[in-house]
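A.B. asks: Residue numbers (the numbering used here), protein chains in the order written: chain A, 1 to 162; chain B, 1 to 157; chain C, 1 to 357.
Since the hints were derived computationally from the structure, they do not count as laboratory data. Careful: at least some of the hints might be erroneous.
[Stated by the list, open to error] Non-contacting residues of chain B with respect to chain A, defined by C-beta distances greater than 12 Å in every case (computed): (1) Ser47; (2) Glu59; (3) Pro62; (4) Gly69; (5) Glu73; (6) Gln93; (7) Lys134; (8) Phe135.
[Stated by the list, open to error] Restraint-style ranges between C-beta atoms, simulated for each label pair: (9) B:Gly28 - C:Gly158: 39 to 47 Å; (10) A:Leu130 - C:Lys195: 53 to 61 Å; (11) A:Pro151 - C:Ser85: 42 to 50 Å; (12) C:Ser85 - B:Arg25: 23 to 31 Å; (13) C:Ala178 - B:Gly108: 53 to 61 Å; (14) C:Gly298 - B:Gly108: 46 to 54 Å; (15) B:Asp10 - C:Pro80: 30 to 38 Å; (16) A:Lys43 - B:Asp10: 22 to 30 Å; (17) C:Ser42 - B:Tyr21: 36 to 44 Å; (18) B:Glu87 - A:Phe84: 44 to 52 Å.
[Unchecked claim] As a list, the in silico DSS-like pairs of lysine-lysine whose alpha-carbon atoms are at most 30 Å apart: (19) A:Lys43 - A:Lys29; (20) A:Lys29 - A:Lys46; (21) C:Lys185 - C:Lys125; (22) A:Lys46 - A:Lys143; (23) C:Lys195 - C:Lys185; (24) C:Lys125 - C:Lys195; (25) A:Lys29 - A:Lys143; (26) C:Lys159 - C:Lys195; (27) B:Lys142 - C:Lys125; (28) C:Lys48 - A:Lys159; (29) C:Lys125 - B:Lys134; (30) A:Lys46 - C:Lys48; (31) A:Lys43 - A:Lys159; (32) A:Lys159 - A:Lys46; (33) C:Lys48 - A:Lys43.
By construction, the Cβ of each residue, glycine as well, lies at the ideal position given by its N, Cα and C atoms.
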Amino acid sequence: MTDPVSIMDSPIHLDYQFTAGLAQSRFLKGLTEGRFLGQRCPKCGKVYVPPRGSCPTDGVPTTDEVELGNTGTVTTYCVVNVPFQGQSIEIPYICAQILLDGANLAFMGLIQEVPADQVRMGMRVEAVWLPREQWGPTMASVKYFRPNGEPDADYDTYKEYL
Amino acid sequence: MPDSPGSAGDGVLRAPHVLEYTYTRSLGPVIGGFLTALRDGRILGASASDGRVVVPPTEYDPLTAEAVGDLVEVGPGGVVQTWAWAEHPTPDQPLDRPFAWALITLDGATTGLLHVVDAGSPAAMTSGMRVTAKFRPEAERKGHLLDIECFVPEGGR
Amino acid sequence: MAGARGRRPVAVVSFAQSPQIRREDHRNEVEMLMPVVGEVFSNIGVTKDDMGFICSGSADYLVGAPFSFVTALDAVGVWPPRRESHVEMDGAFALYEAWTMLQAGDADTALVYCFGRSSPGQLDKLLALQLDPYYLTPLWPDPVALAALQAQALIDAGKATEADFAEIAARSRRDALANPAAQVKHDRSADELMKDDYVVAPLRRHALPPITDGAAAIVLAAGDRARDLVERPAWITGIDHRIETHALGARDLTTSSSTRIAAEQAGLGEAPVDVAELHAPFASQELILREALGLGEGVSVNPSGGALAANAMMVAGLIRIGEAANAVRAGRSRRAVAHATSGPCLQQNLVCVLEAP
Numbered sequence: 001m002t003d004p005v006s007i008m009d010s011p012i013h014l015d016y017q018f019t020a021g022l023a024q025s026r027f028l029k030g031l032t033e034g035r036f037l038g039q040r041c042p043k044c045g046k047v048y049v050p051p052r053g054s055c056p057t058d059g060v061p062t063t064d065e066v067e068l069g070n071t072g073t074v075t076t077y078c079v080v081n082v083p084f085q086g087q088s089i090e091i092p093y094i095c096a097q098i099l100l101d102g103a104n105l106a107f108m109g110l111i112q113e114v115p116a117d118q119v120r121m122g123m124r125v126e127a128v129w130l131p132r133e134q135w136g137p138t139m140a141s142v143k144y145f146r147p148n149g150e151p152d153a154d155y156d157t158y159k160e161y162l
Numbered sequence: 001m002p003d004s005p006g007s008a009g010d011g012v013l014r015a016p017h018v019l020e021y022t023y024t025r026s027l028g029p030v031i032g033g034f035l036t037a038l039r040d041g042r043i044l045g046a047s048a049s050d051g052r053v054v055v056p057p058t059e060y061d062p063l064t065a066e067a068v069g070d071l072v073e074v075g076p077g078g079v080v081q082t083w084a085w086a087e088h089p090t091p092d093q094p095l096d097r098p099f100a101w102a103l104i105t106l107d108g109a110t111t112g113l114l115h116v117v118d119a120g121s122p123a124a125m126t127s128g129m130r131v132t133a134k135f136r137p138e139a140e141r142k143g144h145l146l147d148i149e150c151f152v153p154e155g156g157r
Numbered sequence: 001m002a003g004a005r006g007r008r009p010v011a012v013v014s015f016a017q018s019p020q021i022r023r024e025d026h027r028n029e030v031e032m033l034m035p036v037v038g039e040v041f042s043n044i045g046v047t048k049d050d051m052g053f054i055c056s057g058s059a060d061y062l063v064g065a066p067f068s069f070v071t072a073l074d075a076v077g078v079w080p081p082r083r084e085s086h087v088e089m090d091g092a093f094a095l096y097e098a099w100t101m102l103q104a105g106d107a108d109t110a111l112v113y114c115f116g117r118s119s120p121g122q123l124d125k126l127l128a129l130q131l132d133p134y135y136l137t138p139l140w141p142d143p144v145a146l147a148a149l150q151a152q153a154l155i156d157a158g159k160a161t162e163a164d165f166a167e168i169a170a171r172s173r174r175d176a177l178a179n180p181a182a183q184v185k186h187d188r189s190a191d192e193l194m195k196d197d198y199v200v201a202p203l204r205r206h207a208l209p210p211i212t213d214g215a216a217a218i219v220l221a222a223g224d225r226a227r228d229l230v231e232r233p234a235w236i237t238g239i240d241h242r243i244e245t246h247a248l249g250a251r252d253l254t255t256s257s258s259t260r261i262a263a264e265q266a267g268l269g270e271a272p273v274d275v276a277e278l279h280a281p282f283a284s285q286e287l288i289l290r291e292a293l294g295l296g297e298g299v300s301v302n303p304s305g306g307a308l309a310a311n312a313m314m315v316a317g318l319i320r321i322g323e324a325a326n327a328v329r330a331g332r333s334r335r336a337v338a339h340a341t342s343g344p345c346l347q348q349n350l351v352c353v354l355e356a357p
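Chain A extracted, bound-state conformation (with noise of 0.2 Å):
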């Protein structure tokens, strides 16, 4: 072997003991009660779900817990067509932002149920669990959000949240 070296490999390991702190274990907890818990600020009164402990605007601890439902609001959305490893989930697929109702803070969440060019912004959605049995501490415990058949929420009631 006479080429000279020009490449060197660098592996990295490196293990953790993640903590997911006080705010997200009671989120996480909720899921496992198939619940969606959020936290509100005593300043500004936003409801952050998940919750991170601190109002991301007024710096201060989130300090009341609240129980959020199962109905929401799409506020935007994008139609994915591009898979990705593990998936096992139908190409093109609905990836949406989810303003659940009372909450200050949307999230995204997967839609199913629904052909992908009938899915708009305003779309009035419902979660689906998984069966009781398979709740856990993690977001997998929702399978996806469906329409829930309402008409669609007027823009001025979610357009600050775009």
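For chain A, the structure is supplied; the task is to place chains B and C on it using the hints.
C.D. replies: Below, chains B and C without anything else, positioned relative to chain A:
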């Protein structure tokens, strides 16, 4: 949020998390020259403008910031400048038995190479002692610092 | 621009730290940081809206997640949007950036915060990632091994003995008894400590820093703003940092030229200091720093206990500045020096001189 530390079992969730990746690093002519020579069983250093020889070679002289000149052969023997005894090696470290870390100024070099000395016990180590490189068998060398398996006291243990 | 002395007088007006503990595994980084930011503000009756600039120091590798430092801003609340920056370094270097921002006149106040939890990860291993990837990291030397090489070099040069390291450790942990935030504190003699086993010879357990989780914050203010906020600001009369070569074997490990130069630039030698807070995680390094800073016998070194009493990554350096500032503001010091370090064997060093009004 309450500031009190809670006890274990207070509902805080924890999980193992692994960060794993392999960077593929390009070497360039200086570091590449050094590692190529290691693969060939030789140790090289970089010539500085005033005659100093930098080992392991850097692209620029650490003292003057000038670009270095030619790579020249150094070692394989040299002097231990300073050392420290690792009684409990970790699995990633070069040897699986206690060893000495050492900064070694190889013959012909001006700066120290960090490596390990398989001395057997701290009683066999002293600053100023001579050691020599023990290369892996040729078939196992690939152009890596650990083509030198370790250093050993010159004249054997 | 402003050199190391500055054109505008800038002072430390508030300092807060979390209890420095072995393991914070209930709260995450944001939850750990929030009370500290709250306290550094409430000390002087300000809020985030009074801060013209925010700068943080932390290391994503400690958390094991890229850009994790961004979420820490939730502990401050960045609405309306603020001018903000970050260094993947000890908060002391974030303070340096904030100081330069104030020198440039772009702000009159700054919040500097930092945090680090070492307990979740493999600290010894991940610190090897900051080393030369071709020549040092492949050997996976831990920070104790590197500090031990430096300590042995000191002993070989006739500049120290193992007993000296034990004296420093005994003094530091005894002084830490008076520091409610410190982690390791006890009243054990140097003779007793010398019975500890070696971890990596010539360093015994007592010569090593503890592994610490913690957070800290400082508020800087310039000129009249500082005088409006507090009666006794701790004025930064000089601040500078220097770095040595990455090539470990090309350095003289028994001296710290970068510390000496930073101190000269900061004007340390122009007048005596009475308190020195030195970021020396290993007892052996205190001797090197004392020499580089030209500290005489009369200087009180690390009255807080120093990094031997608590050594949160990314935090212990800022705490040195905070502790020195507290000493000045409380009238325990007329002129103090604070030092922070980064990298193996004191590779990079920051020197900050603080004076009473």
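A.B. asks: For every hint, state whether the structure bears it out.
C.D. replies: For each hint, the structure was consulted:
For B:Ser47, the requirement that its beta carbon stay farther than 12 Å from each beta carbon of chain A is met, with the minimum near 19 Å. Residue placement check: B:Glu59 keeps its beta carbon more than 12 Å from all beta carbons of chain A (closest about 15 Å). At roughly 21 Å from the closest C-beta of chain A, the C-beta of B:Pro62 stays outside 12 Å, upholding its exclusion from the interface. For B:Gly69, the non-interface assignment is confirmed: its Cβ lies about 18 Å from the closest Cβ of chain A, beyond the 12 Å cut-off.
In this structure B:Glu73 is separated from chain A by more than 12 Å, as the shortest Cβ-Cβ distance comes to about 16 Å. For B:Gln93, the requirement that its beta carbon stay farther than 12 Å from each beta carbon of chain A is met, with the minimum near 14 Å. At roughly 20 Å from the closest C-beta of chain A, the C-beta of B:Lys134 stays outside 12 Å, upholding its exclusion from the interface. Consistency note on B:Phe135: stated as away from chain A, and its beta-carbon is indeed over 12 Å from all of that chain's, at 15 Å minimum.
Between B:Gly28 and C:Gly158 the beta carbons are some 40 Å apart, a value that agrees with the proposed interval 39 to 47 Å. A:Leu130 and C:Lys195 have their C-beta atoms about 59 Å apart, which keeps the hinted 53 to 61 Å range intact. Between A:Pro151 and C:Ser85 the beta carbon distance is about 47 Å. The supplied range of 42 to 50 Å therefore holds. A C-beta distance of roughly 29 Å is found between C:Ser85 and B:Arg25, which places it inside the suggested range of 23 to 31 Å.
Separation of C:Ala178 from B:Gly108 is about 54 Å and conforms to the stated range, judged on CB atoms against 53 to 61 Å. Between C:Gly298 and B:Gly108 the beta carbon distance is about 47 Å. The supplied range of 46 to 54 Å therefore holds. Our hint of 30 to 38 Å for B:Asp10 and C:Pro80 holds, since their Cβ atoms are close to 36 Å apart. The beta-carbon spacing between A:Lys43 and B:Asp10, approximately 26 Å, falls within the hinted interval of 22 to 30 Å.
For C:Ser42 and B:Tyr21, the hinted distance range of 36 to 44 Å is satisfied, since their beta carbons lie about 42 Å from each other. At roughly 47 Å, the beta carbons of B:Glu87 and A:Phe84 sit within the given window of 44 to 52 Å. The hinted pair formed by A:Lys43 and A:Lys29 meets the criterion: a straight-line CA distance of about 25 Å does not exceed 30 Å. Simply put, A:Lys29 and A:Lys46 have alpha-carbon atoms about 21 Å apart, close enough for the 30 Å limit, and the pair holds.
In summary, the hint linking C:Lys185 to C:Lys125 is supported, as the alpha carbons are separated by about 27 Å, within the 30 Å threshold. At roughly 27 Å between alpha-carbon atoms, A:Lys46 and A:Lys143 fall within 30 Å of each other, so this suggested pair holds. For the hint pairing C:Lys195 with C:Lys185, the CA-to-CA distance comes to about 18 Å; that is within 30 Å, so the pair holds. Taken as a hint, the C:Lys125 and C:Lys195 pair is honoured in the structure, with Cα atoms around 27 Å apart against an allowance of 30 Å.
Distance hint between A:Lys29 and A:Lys143 is fulfilled; the C-alpha atoms sit about 17 Å from each other, no more than 30 Å. Note on C:Lys159 and C:Lys195: the hinted pairing holds, with a Cα-Cα distance of about 22 Å set against a maximum of 30 Å. Distance hint between B:Lys142 and C:Lys125 is fulfilled; the C-alpha atoms sit about 24 Å from each other, no more than 30 Å. Between C:Lys48 and A:Lys159, the direct Cα distance comes to roughly 27 Å. Compliance with the 30 Å bound is thereby established for this hinted pair.
With a CA separation close to 26 Å, the supplied pair C:Lys125 and B:Lys134 stays within the 30 Å bound. For the hint pairing A:Lys46 with C:Lys48, the CA-to-CA distance comes to about 19 Å; that is within 30 Å, so the pair holds. Taking the CA atoms of A:Lys43 and A:Lys159, the gap is about 22 Å. The hint holds against a cut of 30 Å. A threshold of 30 Å between alpha carbons decides the hint, and for A:Lys159 with A:Lys46 the separation of about 16 Å falls inside it, so the pair holds.
With a CA separation close to 14 Å, the supplied pair C:Lys48 and A:Lys43 stays within the 30 Å bound.
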